[in-house]
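Here's the letter readout for the chains.
There are 2 protein chains.
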Amino acid sequence: METTTQQLLCKNVKALPPSFIKGMLKATQDPEIISFSGGLPSPLSFPMEALGKSMAHAVERYGTKLFQYSLTAGIPELREFIAARCNEKYGLGVTAADILITTGSQQALDLIAKVTLDPGDGVIVEEPGYLGALQTFLQYAPTFHPVALSEDGLDVEGLASALAAPRVKFIYTVPNFQNPTGLTYSAQNRKAVYNVIRDKNVILIEDDPYGELRFDGKTLPYIAAGRFDNCILLGSFSKTATPGMRVGYLVCKNAELLETIAAAKESSDVHTSVLSQYVLYDYLTHNDYDGHIAEIRALYESQCKTMLDAMSECFPASVSYTRPDGGMFIWCTLPEGKTALDFFYEAVECKVAVAPGDPFYTAPKAVRTFRLNYTNASKEEIREGIRRLGTLL
Amino acid sequence: METTTQQLLCKNVKALPPSFIKGMLKATQDPEIISFSGGLPSPLSFPMEALGKSMAHAVERYGTKLFQYSLTAGIPELREFIAARCNEKYGLGVTAADILITTGSQQALDLIAKVTLDPGDGVIVEEPGYLGALQTFLQYAPTFHPVALSEDGLDVEGLASALAAPRVKFIYTVPNFQNPTGLTYSAQNRKAVYNVIRDKNVILIEDDPYGELRFDGKTLPYIAAGRFDNCILLGSFSKTATPGMRVGYLVCKNAELLETIAAAKESSDVHTSVLSQYVLYDYLTHNDYDGHIAEIRALYESQCKTMLDAMSECFPASVSYTRPDGGMFIWCTLPEGKTALDFFYEAVECKVAVAPGDPFYTAPKAVRTFRLNYTNASKEEIREGIRRLGTLL
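From first to last, the protein sequence lines stand for chains H and B. The first sequence runs 1 to 393 under my numbering. The second sequence runs 1 to 393 under my numbering.
Please note that a few of the clues may not be correct.
Taking lysine-lysine pairs in the BS3-like style, the calculated list, with each CA pair at most 27 Å apart, reads [claimed, not checked]:
id, chain 1, residue 1, chain 2, residue 2
1, B, K14, H, K53
2, H, K11, H, K365
3, B, K14, H, K200
4, H, K11, B, K14
Please keep in mind that the hints were generated in silico from the structure rather than gathered at the bench. All values reported here derive from a predicted model rather than from experimental measurement.
So that you can see chain H by itself, here it is in the shape it has in the complex:
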């Protein structure tokens, strides 16, 4: 029986499954819990003093521009900065006109789905894939075509057959240190993916919040950003400076598509906080941003190593896991016969929280995988938490 409120909701919203996360969150509210379940950057990764200086100087430097309505596309200074950085680091050959500032990358996911998806339209996603993206796309009632992700990257044959499905609008990828697996597409896999999509009329989303957090191996070129007009590269300052300001961006050379997304953004929030944009721009241009990123990388590398070392010591060989070259996550697979959800509840009993793999898949099944985040716990907490998990395995 519908409540009177449900009668007022649209079909897509009524069809949404109950939030998997909310139920789990309740189980992990206890402040004594050591949490590896979230995806928060370390507070040590925020350049607080430098951002504070930028805030203190902002009024004198930017005046009323800080406070007035502004352009939907974002402040020109920051878009120029981003374009220059994309060109310098990745040779994308873009200009400020190809950049749209978004209220975090999350907004970009929502806007792209909003302007492209009719109910039933196809969306190709990595399996397992980023939960926050899956939930956002679900609002538009798409047909998901999951493609397996493995150590090498995306299953190229699987991608080719998924692309043969009708009405596929976009492919969503996180090629570097993927969430939830920590896996990175190899250089060869990127080329193979590009060759499959290059002559298709489809959008490729390359979501890259973690790309700069590489602590092992060499930076790899993007799959298609800068070369394929329908590629939308998503970038963010959330993992390299601050997530609280909600400043992300998208890069897209297809001007018609970009303009359509910008029009949807105008209806969505007019523009991203100008205060956030100017403070961040001021920080980026008055400090050694690359030096700061190098510090975060070193921090996360040592946190990751601490966790992997503890896992190697405390976990039995029957538990397998990824060894990320960067980013924030390790993905574990339990032996046959044990579900991640059972393990989650056992772990909570021991005051440790993990993220069970279930919501990272497009269809419910009792999976044996779970995600560990190593960026928001101290080394002592990491060692103690992994030790406790080990006693359950």
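Here the structure of chain H is known, so what remains is to put chain B in place on it, guided by the hints.
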């Protein structure tokens, strides 16, 4: 013939009419133009020095909370502040749990439409109505039921018949100093509107960005906020402190509805800029906010009076117009035989910009109405601009 990009867009987006505004904006880019066409607050309304102080002290006062991910609902401190103010000023009887911080009120409009509207669902709007809301709702392909707005408020009989239409999900109102007309619903009209909706299962949006900018007459109670669970009151700091920070809020006592909107917000941008929220909260609690609003009111009253005096002097009696008790706009009606669009282009020739009334109606027709904004021009500009417009009439 569709472009390949259009093939990737959803039906609702492809059906959107071309932006009326974009074409007009091009005509008004000339920096020599005196513009009454926008809706910008005066830069004098920004408490720059005080906001600058809050920015300078923010790191020491709020620490890492300024920079980390935060709650989708908004920071608790600001929600408490808003609830207390709603209770003190309007006796709404709400708590922080009834408040959702939004990235400007614009986001609230988008989220409400997003969670409620299936294509063809009914939306009741004032005619003429706020363009930014109409454009946002249009993205969800509703059936508009316009109800006439006049000096007294909303046409109550028109509202009752509109409510008899099938699948009406919400009514959108701006009861104080409406955009675009500057009109305010009378106390009697508010009661009559409330009596029509009180036993209906429909959402009433009371959008109130200008309510505190009253320079004449007494504050009136809301139509239904605080009494009708499906009422969603929208508030904003854009017109009383700064629009650039993008901080608005919605107040709703229907917890199920509020939670659904909050879930959509989570997918939309996770949360509103925490920096914006804390800086604003700090400003509000360390300064005389009501005293600042009184200054804005006095400023806008004198700008409005200057414009009305100039109109009385320069416009012929055949041009009628509203006399707002607050807010930012005057609404003019040309004599028979002259369209607002023709007048707009004639005015641009004289280097003055007005907002022709056309896009404020749900169906295109050659209207004789146009909007004048008096808050973002000096008194000299107001007098000179109105003088030039007078020569065309």
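Of the hints stated earlier, which fail here?
Those not satisfied come down to hint 1.
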